[in-house]
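Starting from the structure of chain X, add chain H where the hints point.
2 protein chains.
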Amino acid sequence: MNKFFEKTISEKTIFNGRIIDLVVKDVELPDGKTSKREIINHPGAVAVIAVTESKKLLLIKQFRKPLEKTIVEIPAGKLEKGEDPLECAKRELEEETGYKSNELQAVTSFYTSPGFADELVHIYFTDKLELGKVSLDEDEFLDVMEVTIEEAEELIEKQLIHDAKTVYAIQYLKLKGVLK
Amino acid sequence: MNKFFEKTISEKTIFNGRIIDLVVKDVELPDGKTSKREIINHPGAVAVIAVTESKKLLLIKQFRKPLEKTIVEIPAGKLEKGEDPLECAKRELEEETGYKSNELQAVTSFYTSPGFADELVHIYFTDKLELGKVSLDEDEFLDVMEVTIEEAEELIEKQLIHDAKTVYAIQYLKLKGVLK
Chain X
291 MNKFFEKTIS
301 EKTIFNGRII
311 DLVVKDVELP
321 DGKTSKREII
331 NHPGAVAVIA
341 VTESKKLLLI
351 KQFRKPLEKT
361 IVEIPAGKLE
371 KGEDPLECAK
381 RELEEETGYK
391 SNELQAVTSF
401 YTSPGFADEL
411 VHIYFTDKLE
421 LGKVSLDEDE
431 FLDVMEVTIE
441 EAEELIEKQL
451 IHDAKTVYAI
461 QYLKLKGVLK
Chain H
291 MNKFFEKTIS
301 EKTIFNGRII
311 DLVVKDVELP
321 DGKTSKREII
331 NHPGAVAVIA
341 VTESKKLLLI
351 KQFRKPLEKT
361 IVEIPAGKLE
371 KGEDPLECAK
381 RELEEETGYK
391 SNELQAVTSF
401 YTSPGFADEL
411 VHIYFTDKLE
421 LGKVSLDEDE
431 FLDVMEVTIE
441 EAEELIEKQL
451 IHDAKTVYAI
461 QYLKLKGVLK
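Chains X and H, in that order, are what the protein sequence lines are.
Using the working numbering, read the first sequence as starting at 291 and increasing by one per residue.
Using the working numbering, read the second sequence as starting at 291 and increasing by one per residue.
Chain X with its partners taken away, still in its complex shape (with noise of 0.2 Å):
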C-alpha cells in the first residue's frame, strides 16, 4: 500500500467564485477505504517584505471580512490567471503602497492551509523603492503604515499583526537583521 496518495473517485464542484472555488472529492485512503475531502481551490497570492530608505517596513492596515477585525499586513494581493509571480508582487506593491521597486528578490513560498486550500503565497524582499503611484481595486479601502522593528514587535504583541506571511515577515527581517 502507498501512504502517502489518495486516489480521487468522484468529485463535485459546489462553488466557483470570485476567488475562490470549493470541489469535495471522494478519495480512495491508502487502506481502500473511502472518505471526503473539501478542497479550496485558490489562484495564489504573492506578499513582499519592503524596507523604506530610513530602515522601517513598509504595511498595511486593513478590514478582514472573514475575521471581522482590521489587522495589519505586508502589501500582498492575488494572482491574476496566469500572471507571473514576481510581475503580480511588483503591481502589488506600487497599487498598495505608492512605492515600486524593480528589485525584488525571492525570498520563498508556502502554502498557507494546506489540509484544505491550495493557496500559495509566494514571498519577496526588496529595500531598494522608488516613487511610484497608489491605485487601489474598487473595493480596497487602506492605510499604509512605516514601522521600526520594534514597532512591529509590539504590533504582533497586541495581535494587529496577526497573519502567517507578516509573522513570516518580522521573523525574516530579525535573522537578516535587516532594520538594525
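Quick caveat, the hints were computed from the structure, so don't treat them as lab data.
Zero decoy hints are in this set.
Identical chains share a label here; the pair holds if one copy fits it or two copies do between them.
With a Cα cut of at most 20 Å, we get these calculated PhoX-like pairs of lysine-lysine:
#1 Lys470 / Lys418
#2 Lys355 / Lys315
#3 Lys346 / Lys418
#4 Lys297 / Lys359
#5 Lys355 / Lys293
#6 Lys326 / Lys368
#7 Lys293 / Lys351
#8 Lys315 / Lys359
#9 Lys423 / Lys351
#10 Lys297 / Lys351
#11 Lys346 / Lys470
#12 Lys326 / Lys359
#13 Lys355 / Lys326
#14 Lys418 / Lys466
#15 Lys418 / Lys345
Showing chain H alone in chain X's frame:
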C-alpha cells in the same frame, strides 16, 4: 466614513462541511458601494514545534489532497468544538508522533489566509518529551521524522517543507538557536 469596516447586508451559506463552511456575504463598503465576500469558516488549528532530547525536530510526512502531493509538516490538527487549544496541541502531538508533553509553551498564533478564511493556528513549543502512544484518525496515514536543523533547511530547499506553520517553525528554531 469609517475606512475599516464593512457592514454585512445579507449572507448566504453555500456549504456546511465536516471541516469548513462557506458563506457569501454582501457587504457595504466604506464608500457606500457594495461588494461580495467569499468566506471560509474553519474551527481553527494547533501546531507543535517539538524538539527531542537529541535536538531533533519532529515532523510529519503526509499526503495533502488539496496540493495533490506529500509534504512534511510539524505535528498539527484541527480544534474540536469548544476544545482548548493547549489541550488540543497535547492531544495531537501524542496522537500523531507517539511523544507526549505536559510542558507546551505558547509561541504565537496567526491567521493563515485572512483574505478568505478565519482559520487561526495556535503554535506551541516543547523540548520536554516523554513516550506516549500513537493513535491516528481513521483517514490519517503518515510517517514521523526526526530531523536536524540542516536537514530541515534541505527539506525547505526541496519544497518538501512548504507550508506556513512549518516554515515559521524552522525560522523560530534558528532565531532561538534551539537545535544548535
